[in-house]
Amino acid sequence: MSDQIRLKKGLDLPISGAALAEVTARVTPDLVAVKPTDFRGMVPRLLVKEGDSVMAGTPLFADKKNPGMVFCSPVSGTVDAVVRGDKRKLLAVRIKADGRGEAVRFDVPKIASLDKEGMTELLLRSGLWPCLKQRPFGTVADPAAAPKAIFISGMNTAPLGPDPEFALKDDFAALQAGVDALGKLTRGGVHLSLAARSFAGGELHKLTGVVFHQFEGPHPAGNVGVQINHISPINKGEVVWTVDLHLVAVIGRFFLKGVYDTRRIITVAGPAAVKPSYVEVPAGVCMSSLASYFEQGNVRVVSGDVLSGEAVGRDGFLGFYHNQVSVLQEGDYYEMFGWINPFRSKKFSVSRAYPAFLRRKKYDMDTNENGGERPFLMNDVYNKVLPMDIYPLYLFKACLAGDPDKMEQLGIYEVIEEDVALCEYVCPSKVEIQNIIRGGIELMMKEM
Amino acid sequence: MAKNFFDKIRPTFSEGGKLSWLHSSFDAFETFFFVPNRVTRKGGTHVKDCVDLKRLLIIVVLAMVPALLFGIWNLGEQHSIVFGLGWGFWQKVWYGFVKIIPLYLISYIVGLGIEFASAQMKGHEVSEGYLVSGFIIPLIVPVDVPWWMLAIAVAFAVIIGKEVFGGTGMNIWNPALLARAFLFFSYPSKMSGDSVWVGGLSKALAGGTPWKGGEVVDALSGATPLSHASLDGLSAAGTSAWNLFLGNIPGAVGETSVIAILIGALILICTGVASWKIMCSSVLGALFVGWLGTVGGVTDIPCWEQLLMGGFAFGTVFMATDPVTSAQTETGKWIYGFLIGALCITVRLFNPGYPEGMMLAILLMNTFAPLIDHYVVSANINRRLKRAKTV
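Heads up: the sequence lines are chains A and B, in that order. Residue 1 is where the first sequence starts when you use the numbering used here, and the numbers rise one by one after that. Residue 449 is where the second sequence starts when you use the numbering used here, and the numbers rise one by one after that.
Check before you lean on any hint, since a few could be wrong.
[Claimed, not checked] A short list of chain A residues far from chain B (calculated; beta carbon distances all over 12 Å): (1) Asp142; (2) Thr186; (3) Gly209.
[As the list claims (entries may be wrong)] Below are the DSBU-like pairs computed for lysine-lysine, each with C-alpha atoms no more than 30 Å apart in a straight line: (4) A:Lys9 <-> B:Lys490; (5) B:Lys834 <-> A:Lys397; (6) B:Lys837 <-> A:Lys397; (7) B:Lys834 <-> A:Lys236; (8) A:Lys169 <-> A:Lys275; (9) A:Lys275 <-> A:Lys257.
The set of hints was computed from the structure by calculation and includes no laboratory data. We put the beta carbon where it would ideally sit given N, CA and C, even for glycine.
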């Protein structure tokens, strides 16, 4: 079964520095970190202390609410530091890698022999459970929940993101094992959404045991949240799980090889990237291992894409879920009469108030805000980049007002930050929309 | 060079500086000249579109410039006709220019003054919203309006119409229209009737002596065709549809020339700054009621001529489309626009005492826009609830 869904709303950001289809390095890192802050809704309890030696697959911390849910080291080495922030909040567990690549060996049974409980227990114990995220709210999946279905996006529309067909071309066996394993967790099926070109004889279309969906359209068509909204929207009381495709491969590798292996092929790209291309790294790799890809000067290094990623700095670490690093020049300059300039040929705008829509070129985008923050004024810009049956402005205002009933009615269950990131990009009032949605989600989680 | 100047005086206005309480004003002027160096913040997008409110609002102002330029010439033209002066082109333009400049000075000094002061008090940045409202106001009031009245109207519109609701983006009614409505209801003698729409005419009539020795040819020729036509039909108003379209008739400065307004509409629609849906549905609504009127025998004016008369075109293009006070949902915009057009013509047809329906039609629909949106959004909410039940 398959259906074809064409989305018209959205925007493919014309940003320069796209990655060449070439793997230019396979990084063996010196330093990695596992950041509890990557996992929403999880309260960490530390299981190691500084100086402990660990292997790939050794638990570093567990969830206080689900003590069985562990978060593991992606490499072998010693615990270098436990980084804490305000109120002793655990920010990261840093591990100095020894480069020996030792891993905890798991005794993996055949996938077919496992039932839901057995599969859940195995994924929890092996540290793979956090690969599953839950909607609403994008938290780590609750092992006790019964998800309506599991959704995987097999297409990537994020700016400068890796092409899954290329990045996972050696991992198709692992992907098959991964979707087989996920199939044990739900009765609603594993749904895989693909771009049109992956459909026509693409490798991803050869996977079995999944329900295919075909999507076409600009970003955010590749966001799993948008796809769910069109396949089977989330209603109150329902729970679905989502898994990033590259983490499906991680789960599959575990069943094929019996080890916790988080290596992934990511893009290092962007206007301030030197030789933008693909690189193989483990989860949580330190950006200093990728320093040769970053330009000198005042550069922002983002783990994730430029719309919804996290600025981590040159010494930061790749997020657990991220499969790309974006590099941008900081835009801390003044631009004389910028907004009066009729052409402003170096800057992109989706608005026809600038003639950018006449140009077909890529722009060296930077981090300048391009204006001051103002109240919401324009009302028709947001729904043009949100291909969902939601009134975005009303949802944002409900979040600002902190009204849980209204948020629920207007569709807070169906979005997370990344889905509204383009609304923030296009906002002429420069409102921090992702932070507003984040605030709304946090309030809803408290209320429930 | 300008950069150095701002850098030099910045410490004075920053926290701890002597004039730190003027920070908002400093900021407003600096960002007028320079797009600030602020970078995107934590937890948000790292890149942003280069469009900002300044850009969008300056385009609205630009779109009104044709109407303003035509209006300036037309002020001189009408004055010259009524007083039989036989002026040349530049004399007319000069007359209009001299007439309109004080109105703009008052509009911006009073309006922006209040905006700056209130931003200062709240510690906000100064919002650019008033640039547009302040540009509209002189275009829709009688050119001879006493300056003190205009100042009070502007103050009323900005304070009661906008700031009490929380400033730009929060207001219910279009501030420019509110200023006009204030004048209309507070000082009706200066706002309607036959003589107010030609510069110098009411003064000359009141004084009993023709202005500057000229001779008042026909006092009645100062009446707008709208007020005439509403009583006697268009030909009795002594003008043709072509003149209405061109705009060389008495009336408010910006409202007479449909062709100049259409140029503005084209700019707004091409740049996507204003909603074509509102403009389109407003025209449809006006045509519909205008047609009903002719069919029902209420009026002899063909429905399309209604579009050319009075403030309809200006209101539809520049005031009904105000993104803050209009309906916010796309479906709501169709309903909102249609009702504005329909109401405007309804007022014209059934209220000969006050033929200009556009101002009240827009203000009324401004009031009801949230209600329209409420029902449109409720439909979405119900869809979501129904989905949950059927699963």
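**Asked** Looking back at the numbered hints, which does the structure fail to meet, lowest number first?
**Response** Going through the list in order, the structure violates hint 9 alone and respects the others.
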